[in-house]
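J.: Full structure from sequences and hints, please.
2 protein chains.
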Amino acid sequence: MPTSEQNEFSHGSVGVVYTQSIQFDSLTLEGGETITPLEIAYETYGTLNEKKDNAILVCHALSGDAHAAGFHEGDKRPGWWDYYIGPGKSFDTNRYFIISSNVIGGCKGSSGPLTVNGKNGKPFQSTFPFVSIGDMVNAQEKLISHFGIHKLFAVAGGSMGGMQALQWSVAYPDRLKNCIVMASSSEHSAQQIAFNEVGRQAILSDPNWNQGLYTQENRPSKGLALARMMGHITYLSDEMMREKFGRKPPKGNIQSTDFAVGSYLIYQGESFVDRFDANSYIYVTKALDHFSLGTGKELTKVLAKVRCRFLVVAYTSDWLYPPYQSEEIVKSLEVNAVPVSFVELNNPAGHDSFLLPSEQQDSILRDFLSSTDEGVFL
Amino acid sequence: MPTSEQNEFSHGSVGVVYTQSIQFDSLTLEGGETITPLEIAYETYGTLNEKKDNAILVCHALSGDAHAAGFHEGDKRPGWWDYYIGPGKSFDTNRYFIISSNVIGGCKGSSGPLTVNGKNGKPFQSTFPFVSIGDMVNAQEKLISHFGIHKLFAVAGGSMGGMQALQWSVAYPDRLKNCIVMASSSEHSAQQIAFNEVGRQAILSDPNWNQGLYTQENRPSKGLALARMMGHITYLSDEMMREKFGRKPPKGNIQSTDFAVGSYLIYQGESFVDRFDANSYIYVTKALDHFSLGTGKELTKVLAKVRCRFLVVAYTSDWLYPPYQSEEIVKSLEVNAVPVSFVELNNPAGHDSFLLPSEQQDSILRDFLSSTDEGVFL
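Line by line, the protein sequences are chains A and B.
First residue of the first sequence: 1, per full-length UniProt numbering; consecutive thereafter.
First residue of the second sequence: 1, per full-length UniProt numbering; consecutive thereafter.
It is worth saying that the hints were derived from the structure and are not from the lab.
From a predicted model like this one, the values you see are computed outputs, not experimental measurements.
Every residue, glycine too, gets a C-beta built ideally from N, C-alpha and C.
You may find that some hints are simply not true.
[To be verified] Restricting the straight-line Cα-Cα distance to at most 25 Å, the calculated cross-link-like pairs of lysine-lysine (DSS-like) are: (1) B:K142 with B:K177; (2) A:K286 with B:K248; (3) B:K251 with A:K286; (4) A:K248 with B:K286; (5) A:K177 with A:K52; (6) B:K301 with A:K248; (7) A:K286 with A:K122.
[Unchecked claim] Derived list of chain B stretches under chain A, where covered just means 3 residues or more per stretch with a C-beta under 8 Å from a C-beta of chain A: (8) 221-231; (9) 288-295.
T.: Written as structure tokens, this is what we have:
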């Protein structure tokens, strides 16, 4: 972390950061196939202490990446969780060593459909094997072990990141002290699957799809843009969209839309295709849809093996991952007498709330982490 | 209504019915353009009495048509509101004369994008003028007047049909005694516009779109199917989708989806393109998005001119047209001292609830209509 550059940035920024990459021999997936080699793109903020017991793994959501905090050289926008990660922030880099890695199956540096197949020198694309949330976590475990970390101080994430945190608590119960699950679920409902399904069908319907073996010159960009447009509606709330757009006329795009919300969604779709790969969109949404720790008694049985404290955060306005899904997790933890703090915030921003700046959320994260730190239970 | 055939059908069916068509010289649209001639496809059930004061106009939703009740020759499925229309049913054809017409801008027989342009012998397609909910209602008024009906006993509809009913109460305050508005809204919110917008963008993104001047051999069917798939999610509820599909594997379609909800949506999309026109989808969704009687004080001002009784029905599980939008209408009517009955049903089926069989809904409609009939206010 280049402290020398901190002053150039907003208070508490980790400054200029670089995404690093590490290779491991291989990773055997839950499905039985093996990724050889396994590549992981990651960033770290703060310093790992001698005991190696101050590390926090933050896990990103569907379209996120390893760049969680600070600024890449020349960038104006910081990482996706910069409000919460930095010196003096809730994920305090003066205190904790923060690790953020790109999920496998993604398209931001870790092994995935864009990875070149050594056997033929071409990207795997749709021939890349199916990747589960469990596989993403197993890849992260290799990275953590590489740092010589046996037990993480915490694993934290929202949405798909929350699923990874949950998976950590079940797959590696003795490897984390705290688990922070925000705007997430123990498994996708039919409605959540349905939204991802339509997104995938939009990509499959694109004439450039070619079974996923498209060229970079002719990508299924229209299909991917449609998937993103639809997804974006589900990330916001009715209330927030009303405040932000109401029934206002479009900004530009008057040829293709009559409303501001339309031009906004079109922009979101078009900008997304420049930074995301259509195959990865399908792999990652399938990982989401297939993730299942069950619900009710089934979930209670699965969570019986966890050995860490939990903070579960839900948002009243989040209709994509409704609070009842978080409550389901909390109930199952309580039945197992697992220490858990549950907070439902009435932030109006919908599912995206976990990503957005909120003093309330900041202090909730801060208090939960420091109370553990002092061995005090909330 | 061929009563002779009634016995062949379920109790209370109007039996075999035929969609009829009528032409009027022209209709001048709110936008200033004129449709010449104006064609309206309609069906009627029951008998108009001598006083011509027993007529009820039922208005269909986005993908509906004039076929509201009974059976078309050889069909196994009856019209879209058959549960509620027929002898002894809530819209009792022994008592009332029911009229149902296809909206203009649609594709089921009334003037719209499929209408042939007399000037060049080709369908108007995307050169058909913009149609508003007000225009749809003005076309219906011509049909009503053709029957010599001055005052309708009632206008009833759900979703877009509810908007037409609302528009009737405002545009022709002295032409209806009762107005039934179900699962509807006085104007679309940004979120409602957003879902329609993504549907339209899916059609515009289809390589066959050709600015709406596509051939019938090469229609933008993939785009229209995607629009329908996404729309369909919004018509159902989270709860109902969980019950109906859960996380079950697909029925067929294992090449393109891993889940039952996926194969269901794919089927819904594919079957929709056989019965609906992509241009009409764009015209009708635009009519929905542009309809606005305002909200709050603005709506109260607009509704000050109504002269009929109202029944407003909302559904707790309807997240596309949330109950608060119905409450908004009810409040504005109450401020104007308009007699209004409001019912919020906790039917779990979501937005589609208004279309589905429900004894509770049946008796609510029945009581509202008969109480008026007897001059009794609820």
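J.: For the pair supplied as a hint, K142 (chain B) and K177 (chain B), confirm whether the alpha-carbon distance does not exceed 25 Å.
T.: Holds, at roughly 18 Å.
J.: Hinted pair, alpha-carbon criterion (25 Å max): K248 (chain A), K286 (chain B). Please report holds or violated.
T.: Holds: K248 (chain A) and K286 (chain B) sit about 14 Å apart, inside 25 Å.
J.: Please work out if K251 (chain B) and K286 (chain A) have their alpha carbons no farther apart than 25 Å.
T.: 18 Å, holds
J.: Tell me if the straight-line CA distance from K286 (chain A) to K122 (chain A) falls inside 25 Å.
T.: OK: K286 (chain A) and K122 (chain A) at ~23 Å, within 25 Å.
J.: Just to be careful, I want the Cα atoms of K286 (chain A) and K248 (chain B) compared with a cutoff of 25 Å; is the pair within it?
T.: Holds. K286 (chain A) to K248 (chain B) sits at ~14 Å (cutoff 25 Å).
J.: For the stretch 288-295 of chain B, count the residues whose Cβ lies under 8 Å from any Cβ of chain A; is that count three or more?
T.: holds (count 3)
J.: Below or equal to 25 Å on CA atoms is what counts here, so check K177 (chain A) against K52 (chain A).
T.: Answer holds: K177 (chain A) to K52 (chain A) is near 13 Å, not above 25 Å.
J.: With the threshold set at 25 Å, check whether the alpha-carbon distance from K301 (chain B) to K248 (chain A) stays at or below it.
T.: 21 Å, holds
J.: Are there at least three residues in the stretch 221-231 of chain B whose beta carbon sits under 8 Å from a beta carbon of chain A?
T.: holds (count 6)
The structure is consistent with each of the numbered hints, conforming to all of them.
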